[in-house]
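Sequence order for the protein chains is A and B.
The numbering of the first sequence is this note's numbering, which starts it at 1 and goes up by one.
The numbering of the second sequence is this note's numbering, which starts it at 1 and goes up by one.
It is possible that some hints are incorrect.
[Stated by the list, open to error] Straight-line alpha carbon distances no greater than 25 Å define the calculated DSS-like cross-link-like pairs of lysine-lysine that follow:
hint	chain 1	residue 1	chain 2	residue 2
1	A	K35	B	K354
2	A	K301	B	K36
3	A	K96	B	K334
4	B	K180	A	K108
5	A	K301	A	K339
6	B	K341	A	K67
7	A	K84	B	K354
8	B	K354	B	K341
9	A	K422	B	K85
10	B	K354	B	K69
11	B	K85	A	K67
12	B	K341	A	K64
Quick caveat, the hints were computed from the structure, so don't treat them as lab data.
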Amino acid sequence: MAVENRKQQLLSRIATNDGHGENSPYFHGWDAYEKNRFHPTQNRNGVIQMGLAENQLCFDLIEKWIKENPKASICTPEGVNEFKEIAIFQDYHGLKAFREAVAKFMGKVRGNRVTFDPNRIVMSGGATGANETIMFCLADPGDAFLVPSPYYPAFDRDLGWRTRAQIVPVNCSSSNDFQLTRAAVEEAYEKALESNINVKGLLLTNPSNPLGTTLERETLKALVTFVNEKNIHLVCDEIYSATTFTPSRFVSVAEVMQEVEHCNPDLIHIIYSLSKDLGLPGFRVGIVYSYNDAVVSCARKMSSFGLVSSQSQHFLAALLSDEEFIDNFLSESSKRLAKRYRFLTEGLKKVRVSYVESDAGLFFWMDLRRLLMEQTFDAELELWRVIVDDVKLNVSPGYSFHVSEPGWFRVCFANMDDETVKVALNRIQAFVQTGNGTTEASP
Amino acid sequence: MAANLRNQNQLLSKMAIGDGHGENSSYFDGWKAYDKYPYHPEERPDGVIQMGLAENQLCFDLIQDWLMKNPEASICSPDGVLNFKDTAIFSDYHGLPEFREAIAKFMGKVRGDRVKFDPDRIVMSGGATGAQETIAFCLADPGDAFLVPTPYYPGFDRVLTWRTGVQLVPVFCASSNNFKITKSALEAAYGKAQELNIRVKGLLITNPSNPLGTILDRETLKEIVRFINEKNIHLVCDEIYAATVFTNQHNFVSVSEVIEEDTERNRDLIHIVYSLSKDMGLPGFRVGIVYSYNDAVVNCARKMSSFGLVSSQTQHLIAAMLSDDEFVDRFIAKSKELLDKRRKFFTEGLEQVKIDCLNGNASLFKRMDFRRLLKDQSFEAEMELLRVIINEIKLNVSPSSFFHCSEPGWFRVCIANMDDSTMEVDLLRITYFMLQNRYRNKVVKVPTKKQRQQSSLKRSLSRRKMEDFM
């Protein structure tokens with residue numbers, strides 16, 4: 001014990017606290033999956049991974065494009081003449097072609113209703129790095145950001161671990177399908193002020209993780225107005241913007257800010273990434289897009305800590321500049337996601353499992369409240385262990401998303417093939433219908 | 001305007017409005033001059049030559065040749081595309097196992113296979129920049145300090161301190177003993193920190209050194225390990241130039257070798273920062289590595305690596321390349337040979353105009369001794385000379401003051417980031433400058449008529465043989 005203590009003093013407080021968030025039970029499901037992975041032919045009894053928000057539905061399109069565009073790679077005979085120039089390029093402004101392509105892509109995803117300035121595109125180490133960077137730019141240690149709950153579990157780490165900023169949740173409830181209202185934000189804001197917490201901004205994830213819902217235009221306008229009144233920042237994490245089931249229907253803060261009178265652009269910032277919309281999390285493409293020049297400047301300097309590999313910048317610049325490919329990709333991706341969502345949710349309806357109706361995302365928010373022994377988080381955890389260990393589905397319990405009521409589960413559906421989805425649905429239906437050891441309200 | 005600024009100051013974090021990023025320093029003047037008007041042999045022969053960038057551009061043909069023979073190394077080639085999906089969705093912060101194994105093997109080879117590295121201790125980061133910051137976050141709290149021998153890489157001021165809140169305490173080294181890191185210098189710095197009530201958490205050394213281009217001998221390294229054990233502080237060894245050691249007589253001694261021999265020392269205090277940016281010349285790929293002998297640090301750094309993982313596309317390529325033993329052996333040997341050749345060409349050229357360099361045997365640069373050209377031994381005089389070098393001779397070089405060196409007059413020149421003909425132009429310009437100086441100061445000899453004609457002409461220097469000026 002004494003040795004442990006001595007060891008502990010050797011390291012920083014950040015290294016020895018739990019700010020990384022990985023001691024949460026959220027990770028039990030991951031372990032179970034790693035130990036016994038489902039495979040449609042080789043291991044049909046394995047655990048199906050439904051806890052990973054990945055978009056695997058359109059790789060065929062990208063792979064076809066790669067075969068037709070060998071110049072996009074600096075490692076092919078067609079592209080190798082650029083190898084040296086790209087391999088030595090470490091300018092934190094990023095390749096111009098990359099920034100232009102990302103800006104154009106972001107515009108297309110929003111139906112070209114807004115255009116993005118390539119000079120405001122700043123790189124970061126994935127959305128993870130982007131969220132941390134924006135906090136370093138906007139908040140001092142101890143400052144707070146309002147974050148509507150339920151929210152992405154890793155925000156605790158990304159927004160608060162090394163930055164020492166804090167999250168003040170804005171609790172949304174099932175009474176209105178967890179919709180965010182200006183009133184709820186206002187209430188959380190006032191309460192924080194009363195507790196002497198310095199609120200620097202509001203962070204929205206739109207489309208929402210874990211709900212999969214998008215904010216109505218009027219709500220977004222109300223929130224933009226709110227932050228302007230209080231002179232606090234608005235950070236919009238729009239990493240799921242192209243996962244809307246109807247292509248290009250996503251309403252971004254970029255559009256709305258133009259409609260709000262006297263909106264101070266210095267308060268508005270967008271977090272983006274290619275991990276969800278394009279399904280390329282491995283490439284670590286995070287983007288900070290700010291309308292505040294000082295933030296662009298600062299974030300760009302910080303991007304040295306997590307630049308996008310120039311090899312990947314080069315490839316993506318080519319991919320995203322191919323307008324015909326991108327238009328087709330966005331349209332196909334929306335179709336396939338919508339189809340997957342409908343297949344699962346209609347299947348759930350048949351066994352009277354309800355969920356929050358959504359129009360985007362790689363997941364949906366399932367209601368299993370009636371299966372809880374009692375309406376507590378302990379009961380939720382128990383139910384979850386049954387789902388992971390017996391039903392063999394790694395879904396994510398609501399608790400890990402800081403939701404205020406037990407019984408909700410996030411179910412990811414875009415990270416598997418059609419066969420696996422069928423098996424997953426059958427398992428949920430069987431479980432709900434037979435009870436499998438838990439109580440069930442009469443139908 | 002003032003109101004706007006005031007508003008901004010309240011809106012943003014202290015970090016964002018402060019100068020901790022370090023970019024307002026005059027370090028960047030030469031860079032700005034270069035960006036404005038960079039040298040090009042045909043289009044801008046009188047442009048600024050970049051000698052401030054420590055890059056290794058000598059072995060690209062070897063890499064390109066390898067790529068053509070190994071198409072499956074790229075997930076974007078017809079041969080490699082079957083790996084595209086699995087790689088593109090891979091964002092596990094442990095990194096691809098084959099990537100870690102290849103890096104561990106490469107690190108061993110660079111140290112002549114005198115030590116082995118454990119792939120499970122290989123942790124990724126956003127370049128060496130990310131690696132250094134991560135280590136600081138793991139080891140130190142805001143207000144804590146790291147001892148850093150001077151002269152040191154200016155980027156440390158930002159990378160180690162800006163977002164971490166950590167501070168740097170210099171360990172002063174002097175030219176009188178070739179800037180050796182002595183026990184007394186370490187003790188002095190440590191003592192000074194104690195007096196100021198600053199908690200020292202560790203010592204950071206760069207070996208091979210930037211900007212000196214020297215390597216630590218085994219005895220000094222052992223002395224350093226003894227020192228940090230006595231004080232129970234960490235030792236972070238930035239070994240990013242490990243493969244740039246020139247000659248075979250001076251083997252690079254890594255801290256990893258020293259602790260293998262000296263088993264009494266506390267391994268929990270030892271950490272290595274590595275990268276492929278210098279040794280392989282691939283800075284754009286952002287391959288930073290934290291290698292720690294402390295399990296808790298490996299764990300913590302790995303969690304932090306999410307903020308700056310290496311692109312899986314790049315991991316895949318590097319894994320293939322560095323697993324090819326034959327290629328790696330050939331690359332390391334060729335790189336050393338070409339660096340040696342380049343260094344020799346440069347230093348011999350300088351000798352002809354009686355410029356000395358610090359006796360180094362590693363790295364991508366040399367340190368020129370311009371002390372006798374200074375008006376006086378002050379940093380103001382050094383800045384004056386720098387302005388002449390940038391604006392008149394049109395070379396972007398880096399003076400002592402940028403590296404927190406205690407003595408003015410030393411200029412670091414990078415010699416591996418250009419082709420042979422540009423190197424020739426560099427030498428011509430330096431030679432021309434030295435001859436001009438001699439003419440001005442009447443130091444060595446009366447210039448010939450030819451030299452006078454040349455010095456009085458303000459024409460741009462084109463490619464010529466050095467002999468024309470002698």
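A quick look at each hint next to the structure:
1. For a cut-off of 25 Å, the pair hint linking A/K35 to B/K354 is broken: about 68 Å separates their Cα positions.
2. With a C-alpha separation of about 20 Å, the suggested pair A/K301 and B/K36 falls inside the 25 Å cut-off, and the hint holds.
3. About 33 Å separates the Cα atoms of A/K96 and B/K334, which puts this hinted pair outside 25 Å; it is violated.
4. Simply put, B/K180 and A/K108 have alpha-carbon atoms about 58 Å apart, too far for the 25 Å limit, and the pair is violated.
5. Under the criterion of a C-alpha separation no larger than 25 Å, the hint pairing A/K301 with A/K339 is inconsistent with the structure, at around 42 Å.
6. Proximity of B/K341 to A/K67 is assessed by CA-CA distance (about 42 Å); at most 25 Å being required, the pair is judged violated.
7. Of the pairs offered as hints, the one joining A/K84 and B/K354 is violated, with about 35 Å between alpha carbons and a cut-off of 25 Å exceeded.
8. Using a Cα cut-off of 25 Å, the hinted pair B/K354 and B/K341 holds, with the two alpha carbons roughly 20 Å apart.
9. Taking the CA atoms of A/K422 and B/K85, the gap is about 22 Å. The hint holds against a cut of 25 Å.
10. For the hint pairing B/K354 with B/K69, the CA-to-CA distance comes to about 46 Å; that exceeds 25 Å, so the pair is violated.
11. Distance check on the hinted pair: B/K85 and A/K67 sit about 14 Å apart at the alpha-carbon level, within 25 Å; holds.
12. At roughly 46 Å between alpha-carbon atoms, B/K341 and A/K64 are farther apart than 25 Å, so this suggested pair is violated.
When the structure is compared with the earlier hints, violations turn up for hints 1, 3, 4, 5, 6, 7, 10, 12 and for no others.
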